[in-house]
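Novice: So the protein lines, in turn, are chains A and B. Our numbering puts the first residue of the first sequence at 3, with every later residue one more than the last. Our numbering puts the first residue of the second sequence at 101, with every later residue one more than the last.
Hint data in this document are derived by calculation from the structure and do not stem from the laboratory. Accuracy of the hints is not assured; some may be wrong.
[Said to hold, decoys possible] Straight-line alpha carbon distances no greater than 25 Å define the calculated SDA-like cross-link-like pairs of lysine to any residue that follow:
| no. | chain 1 | residue 1 | chain 2 | residue 2 |
| --- | --- | --- | --- | --- |
| 1 | B | K174 | A | A73 |
| 2 | B | K159 | A | T62 |
| 3 | A | K77 | A | N35 |
| 4 | B | K228 | A | T62 |
| 5 | A | K86 | A | N35 |
| 6 | A | K77 | B | K256 |
| 7 | A | K101 | B | Q163 |
| 8 | B | K256 | A | Y93 |
| 9 | A | K86 | A | D71 |
| 10 | B | K156 | A | R66 |
| 11 | B | K256 | A | E42 |
| 12 | B | K156 | A | T62 |
| 13 | B | K228 | A | K86 |
| 14 | B | K217 | B | I150 |
| 15 | B | K203 | B | N222 |
| 16 | A | K56 | B | N231 |
| 17 | B | K228 | A | R95 |
| 18 | B | K159 | A | T50 |
| 19 | B | K228 | A | L36 |
| 20 | B | K256 | A | V58 |
| 21 | B | K159 | B | N222 |
| 22 | A | K101 | B | S241 |
| 23 | B | K256 | A | A26 |
| 24 | B | K217 | B | K174 |
| 25 | B | K273 | B | A221 |
| 26 | B | K182 | A | P76 |
| 27 | A | K78 | B | V166 |
| 28 | B | K256 | A | K86 |
| 29 | B | K271 | A | P98 |
| 30 | A | K56 | B | K203 |
| 31 | B | K203 | B | A245 |
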Amino acid sequence: MHPGRYLPLVAALLLGAAVVPAHAATIQITIDNLVFAPAEVSAKVGDTIEWINKDVFAHTATARNGDFDIATPPKKTVTSVLTKAGSVEYYCRYHPNMKAVLTIAP
Amino acid sequence: MFIRLSAAIAALSFLGSAVLAQGAKPTDPQIAHIAYTAGVIDINAAKQAIAKASNKDVKAFAQDMVRDHEAVNKQALDLVKKLKVTPEDNDTSKTLSKQATEKLAELDKLKGAEYDKAYLANEVAYHKTVNSALETQLIPSASNAELKSLLQTGLKIFQGHQQHAEQVAAKLK
Numbered sequence: 003m004h005p006g007r008y009l010p011l012v013a014a015l016l017l018g019a020a021v022v023p024a025h026a027a028t029i030q031i032t033i034d035n036l037v038f039a040p041a042e043v044s045a046k047v048g049d050t051i052e053w054i055n056k057d058v059f060a061h062t063a064t065a066r067n068g069d070f071d072i073a074t075p076p077k078k079t080v081t082s083v084l085t086k087a088g089s090v091e092y093y094c095r096y097h098p099n100m101k102a103v104l105t106i107a108p
Numbered sequence: 101m102f103i104r105l106s107a108a109i110a111a112l113s114f115l116g117s118a119v120l121a122q123g124a125k126p127t128d129p130q131i132a133h134i135a136y137t138a139g140v141i142d143i144n145a146a147k148q149a150i151a152k153a154s155n156k157d158v159k160a161f162a163q164d165m166v167r168d169h170e171a172v173n174k175q176a177l178d179l180v181k182k183l184k185v186t187p188e189d190n191d192t193s194k195t196l197s198k199q200a201t202e203k204l205a206e207l208d209k210l211k212g213a214e215y216d217k218a219y220l221a222n223e224v225a226y227h228k229t230v231n232s233a234l235e236t237q238l239i240p241s242a243s244n245a246e247l248k249s250l251l252q253t254g255l256k257i258f259q260g261h262q263q264h265a266e267q268v269a270a271k272l273k
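Next comes chain A alone, as it looks inside the complex (with noise of 0.2 Å):
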C-alpha cells in the first residue's frame, strides 16, 4: 500500500474535480487590457492553460524558446497543453511589450 499515491485524488475530490485526472490541471490565464494575468505561473508538463484573451485586440502568447506559439483571437478562449518542461518567457508578438513568464515542471 502506497497511501500517498491517493493524495491527489484526495486532493481533487477536495477541490471538486473528481472527474478531472489528479495528474493533469487546467491553469487558466487571463489577457485583459493587454496584460497577461497572472503574470507568473506554475504548472507541470501534461497542464493545460486556458488563454482567456477579453480584449477586442489579437494577441499572441510566443515563448521565446520557440517552445510554443499561442494565437488568442480577439474575445476568444483557446486551450493548449503543455509538453515541455522549463521556465519559459512569453510575449505577445504583435504588442512585444506584453511579457509574461511560465514555469513547467517535468
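Starting from the known structure of chain A, arrange chain B on it as the hints suggest.
Specialist: Just chain B, lined up with the frame of chain A:
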C-alpha cells in the same frame, strides 16, 4: 492653444525628440478627434504598405496595424456615441493629417527594400510621437474617465506597435 501642441508634434516628427509645449489643454471632443485621426493615419500608411511592401514580415506588420487601429477606433467611436460627444476637429488633428499626407506621398516614390525600410522607420517615429503626445498631453488632459482609460489602453497598444516595428526593422538588416 492648439497651435503650440501642433507645433510641438511637428517638432517631434522632424527632430524625433522634443518636449511638448506645456499649458495647452485640449478638450475631450478635441482629444477624441486627435486620437481617432492618429489611428486613421496609421491605417492609411498600413494600407499603402500592404500594397507596396516586398518583405512578408513588413506586410504582416502592416496588416497588424490595420487590425489593431481599426479595433481601437471602433472602441473610440462606440465611446463617443455612448457619451454623446461629437469629436471636434482642431489644429493638432489638421497638422497630423497634413504631415501624414506628405509622408504618404514621399513613401509612395520609394520601391522594394528601400520602401520597406522607410515605412518601418516612419512607423517607429510616428508611434513614438503619438505615444509621447498621449503620455504628456492627451491622457493628462482627458477629463472623462472612460476616455482616459481608452487612451491608456491605446498607449499600451501603440507602445507595443513601436517595439514590434523596431523588431521587424532590426530583422531587415
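Novice: What are the numbers of the hints the structure violates, in ascending order?
Specialist: Failing hints, ascending: 5, 13, 18, 22, 23, 24, 28, 30 and 31.
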